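Visitor: Okay, here's what each chain looks like letter by letter:
2 protein chains.
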Amino acid sequence: MDITFFLNRHLDTPLYQQLYGLLKKNMQDGHIQKGVKLPSKRLLAAQLSISQTTVERTYEQLAAEGYIVSKPRSGWFADYDETEFIHSEMANTPSSKPGTKEKENWIDFHYGNVDSVHFPFSAWRKSMVSSLDQYGQQLYRPGHILGELELRMLIAENLYQSRGVRCRPEQVILGAGNPILLQMLCQMFGRDISIGYEDPGFPRSRDIFEINSMKVLPIPVDGEGICMEGIRKENPFLVYVTPSHQFPLGTVMTIDRRRQLLKWAAENQSFIIEDDYDGEYRYSGQPIPSLQGLDQHDRVIYMGTFSKSLLPSMRVSYMVLPLSLLEKGREITSLYKQTVSCHIQLTLMEFITKGEWQKHINRMRKLYQRKREILLEALQIEMGEQVKIRGGDTGLHILLDVNSRFNEKELIERAKEQGVKIYPASPFYAKQPPTTTVFIGFAGVSEADIKLGIKKLKAAWFN
Amino acid sequence: MDITFFLNRHLDTPLYQQLYGLLKKNMQDGHIQKGVKLPSKRLLAAQLSISQTTVERTYEQLAAEGYIVSKPRSGWFADYDETEFIHSEMANTPSSKPGTKEKENWIDFHYGNVDSVHFPFSAWRKSMVSSLDQYGQQLYRPGHILGELELRMLIAENLYQSRGVRCRPEQVILGAGNPILLQMLCQMFGRDISIGYEDPGFPRSRDIFEINSMKVLPIPVDGEGICMEGIRKENPFLVYVTPSHQFPLGTVMTIDRRRQLLKWAAENQSFIIEDDYDGEYRYSGQPIPSLQGLDQHDRVIYMGTFSKSLLPSMRVSYMVLPLSLLEKGREITSLYKQTVSCHIQLTLMEFITKGEWQKHINRMRKLYQRKREILLEALQIEMGEQVKIRGGDTGLHILLDVNSRFNEKELIERAKEQGVKIYPASPFYAKQPPTTTVFIGFAGVSEADIKLGIKKLKAAWFN
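Chains C and B supply the protein sequences, listed in that same order. Per the numbering used here, residue 1 is the first one in the first sequence, and the count goes up by one each step. Per the numbering used here, residue 1 is the first one in the second sequence, and the count goes up by one each step.
It should be emphasised that the hints constitute simulated quantities derived from the structure, not laboratory data. Please read these numbers as outputs of a predicted model, since none were measured by experiment. One or more of the hints may lead you astray.
Repeated chains share a single entry, so a pair holds when one copy, or any two copies, can fit it.
As a list, the in silico SDA-like pairs of lysine to any residue whose alpha-carbon atoms are at most 25 Å apart [unchecked claim]:
id : residue 1 : residue 2
1  : K421      : Q380
2  : K416      : Y140
3  : K354      : V129
4  : K354      : L15
5  : K451      : Y140
6  : K41       : E234
7  : K126      : Q137
8  : K458      : G21
9  : K354      : R168
10 : K388      : C227
11 : K359      : Y140
12 : K421      : K455
13 : K366      : Y281
14 : K409      : L335
15 : K37       : G75
16 : K354      : S130
Using the sequences provided together with the hints, build the complete structure.
Guide: So this is what it looks like as structure tokens:
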């Protein structure tokens with residue numbers, strides 16, 4: 001095999017890293033196929049006019065990551081798992097170097113993605129630079145354990161206006177992602193606590209509860225939200241719910257069910273964790289106030305995130321604690337200190353204060369509403385009565401019941417053959433998983449690709 | 001009381017926030033003393049030509065945070081805890097708004113601080129902007145679970161060169177601070193595991209182990225490092241050590257002790273957590289290789305941080321896992337996703353690649369060496385034989401045994417009366433805490449203030 005890469009000696013990136021990236025990309029793109037013998041170190045070094053050490057380092061790196069393998073007395077061979085490049089993206093772990101543009105023909109309906117075109121980078125950059133100029137001195141110190149006070153004030157203010165959440169800034173605790181905050185909650189309550197959990201529900205949260213030795217009790221969800229019958233039967237100490245947009249079913253918890261749940265919590269001295277993971281993206285109708293806003297008895301822990309309303313990689317989430325948990329909350333939080341970088345907090349403060357955040361949300365809400373309409377329309381046109389859509393009124397994903405001759409696994413595999421990634425619904429279920437339902441997130445897909453993707457799904461399933 | 005603040009209507013900061021900040025600052029600075037009656041809402045609104053609602057909101061905020069109190073039929077009174085403003089700084093929780101410059105007359109020898117003048121903000125800003133321009137698209141996706149590959153490659157490379165750590169990038173896991181990484185380690189090992197712990201040692205790590213139901217076994221430290229006798233007696237499954245610069249004693253673990261510890265770990269199939277929290281700041285002599293670098297049997301978990309070598313508020317730490325723990329490590333890490341904001345990672349990548357990080361470390365090493373010399377010299381001149389210095393050869397803090405008529409608490413209180421903050425050594429000890437030893441961190445204090453601070457300590461203790 002002849003390898004004729006161009007390595008640029010004038011870049012800051014070391015040669016071995018450049019070579020590593022190029023070889024990996026060539027495997028990814030299928031130019032170096034599995035089983036192919038790579039040139040010897042000596043030969044490749046000579047071909048590229050670089051040292052053998054550089055080649056050796058590159059090969060070792062690739063071997064360490066499982067892309068190539070050395071066979072005794074034969075040399076190096078490409079030996080990667082072909083599904084790895086796909087798999088790594090499904091698991092949200094892009095293994096590519098930043099800067100290397102991947103050849104991306106996939107239409108990926110992953111629900112963790114956001115629109116990848118419209119983030120106002122220039123406003124963000126301005127906030128970043130201006131916060132550094134104004135508050136740079138602040139960065140020399142460890143930040144406030146709960147998060148910068150002014151950011152917590154902005155969050156409290158915004159939550160009141162947009163979600164009816166009533167809280168003081170000292171009830172707000174920032175954290176680098178919801179899982180970290182859930183971890184802290186688990187440590188506040190201690191282990192062997194029982195927790196009622198929506199079934200179906202969000203597996204990552206369940207995993208956090210389970211690793212903290214909580215007793216997770218799956219409780220069914222009906223058209224109004226989590227079932228009170230199940231709650232009353234199990235009488236858990238905690239209940240974890242997603243009332244704004246049930247994950248994954250997409251239902252909105254009715255006001256009646258909210259009141260029943262709150263009444264039960266007050267009577268039992270239980271706490272409710274309200275995970276409002278995409279509450280910003282409601283498209284129509286009057287918003288129903290958050291459980292936290294309706295609560296009169298200090299029973300609700302409200303959780304929110306900037307992952308959907310900003311960027312998932314920014315890692316800024318927050319929770320609002322009931323007053324009775326403040327002291328314990330501070331104690332546990334101070335173990336970890338504040339996990340969100342202070343500069344990110346200051347930037348966000350500036351971004352919100354300048355009105356950029358609200359502007360961005362408003363823009364994205366329109367954009368996502370339009371994407372959703374296109375998705376629903378395309379499904380209607382292409383598949384009509386052969387599919388049933390669930391949870392299409394709000395949020396950034398739907399569930400699709402597919403009436404074809406294929407099961408869940410086949411639906412996904414046939415879609416993959418067409419270059420479309422969709423996701424199974426069954427992992428969200430503790431009991432009685434559906435067998436022909438798939439999970440479709442549309443936020444990260446362009447309008448054109450939504451239409452094309454649905455056409456391809458039709459070809460995959462109904463031809 | 002007449003309040004004649006200037007509120008600026010042209011700022012983005014809402015009026016109530018401006019008023020909040022001004023009132024709080026006036027309490028902090030002692031201009032509004034405890035017990036003083038505040039003007040009524042109506043009066044203050046009239047004085048400042050703002051609405052009563054604005055004043056109300058401000059008062060409620062201050063009341064919520066415990067600075068003022070409303071007495072029925074009498075109005076609002078300043079009612080803050082005078083020690084709060086001091087206390088909040090000691091606990092590293094500056095409660096001030098960014099941008100408001102505090103009147104800071106304290107000389108604060110807190111060990112968590114870093115030099116607060118010499119951070120290369122303009123180079124950092126450049127890296128920040130340039131990484132955004134180059135890799136902005138990367139931010140749309142959730143980042144790599146372990147941290148961006150290229151940053152992990154840079155860390156692996158740097159650790160090899162500077163600390164003799166031998167690892168592949170896939171062994172490196174980033175996290176938003178050491179405590180989060182320790183938390184993940186605890187979850188990797190499960191509860192009821194026994195862990196040998198240096199006594200004295202770092203209390204925060206001990207707290208993390210304890211909250212995870214590990215069995216913490218204090219093991220004495222002698223002049224060479226953790227005592228093998230204690231290790232052999234307890235035979236723990238894990239050992240947590242700070243070999244480069246024992247915390248808090250400041251001793252460097254000898255090469256002999258390192259070999260003994262590694263041999264023991266290999267024989268017992270135990271793991272060693274090597275916390276190299278300020279390994280960059282060694283001033284003289286040949287560096288002793290890290291335990292990880294000496295280890296032949298895959299027994300060492302190496303931990304490092306950018307808190308000391310960059311800024312504590314940046315929240316970037318990392319650990320290097322042994323190969324046998326990689327799979328479990330990935331599994332636990334994926335629960336939390338990556339906690340370091342992707343943009344901070346990209347900025348750091350750029351900052352390291354451009355050589356700015358190394359330049360900064362070299363500059364800081366010289367600066368800290370000079371601060372340390374000034375500290376030791378001032379102690380010698382001012383206190384001579386009346387004090388004994390421990391751990392002054394490396395790192396950013398010392399322990400000071402004070403031969404005066406005062407105990408630890410009195411030493412600290414008398415220092416505080418002189419406007420100098422020093423810290424107790426006893427909390428680091430599980431058994432036999434010293435009674436007349438204080439903890440002095442010098443990184444965050446200017447050269448002039450080090451000299452002045454030691455003069456003041458002399459006045460506090462020996463006059």
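Visitor: Indicate, hint by hint, whether the structure satisfies it.
Guide: Here is how each hint holds up against the structure:
{"no.": "1", "hint": "K421 to Q380", "result": "within (20 Å within a copy, 70 Å between copies)"}
{"no.": "2", "hint": "K416 to Y140", "result": "between (49 Å within a copy, 23 Å between copies)"}
{"no.": "3", "hint": "K354 to V129", "result": "both (14 Å within a copy, 19 Å between copies)"}
{"no.": "4", "hint": "K354 to L15", "result": "between (43 Å within a copy, 15 Å between copies)"}
{"no.": "5", "hint": "K451 to Y140", "result": "between (50 Å within a copy, 22 Å between copies)"}
{"no.": "6", "hint": "K41 to E234", "result": "neither (64 Å within a copy, 50 Å between copies)"}
{"no.": "7", "hint": "K126 to Q137", "result": "both (18 Å within a copy, 17 Å between copies)"}
{"no.": "8", "hint": "K458 to G21", "result": "neither (36 Å within a copy, 60 Å between copies)"}
{"no.": "9", "hint": "K354 to R168", "result": "within (22 Å within a copy, 43 Å between copies)"}
{"no.": "10", "hint": "K388 to C227", "result": "within (23 Å within a copy, 68 Å between copies)"}
{"no.": "11", "hint": "K359 to Y140", "result": "between (31 Å within a copy, 18 Å between copies)"}
{"no.": "12", "hint": "K421 to K455", "result": "within (13 Å within a copy, 69 Å between copies)"}
{"no.": "13", "hint": "K366 to Y281", "result": "within (9 Å within a copy, 53 Å between copies)"}
{"no.": "14", "hint": "K409 to L335", "result": "between (43 Å within a copy, 24 Å between copies)"}
{"no.": "15", "hint": "K37 to G75", "result": "within (7 Å within a copy, 85 Å between copies)"}
{"no.": "16", "hint": "K354 to S130", "result": "both (11 Å within a copy, 23 Å between copies)"}
Of the numbered hints given earlier, the model fails hints 6 and 8; all others are met.
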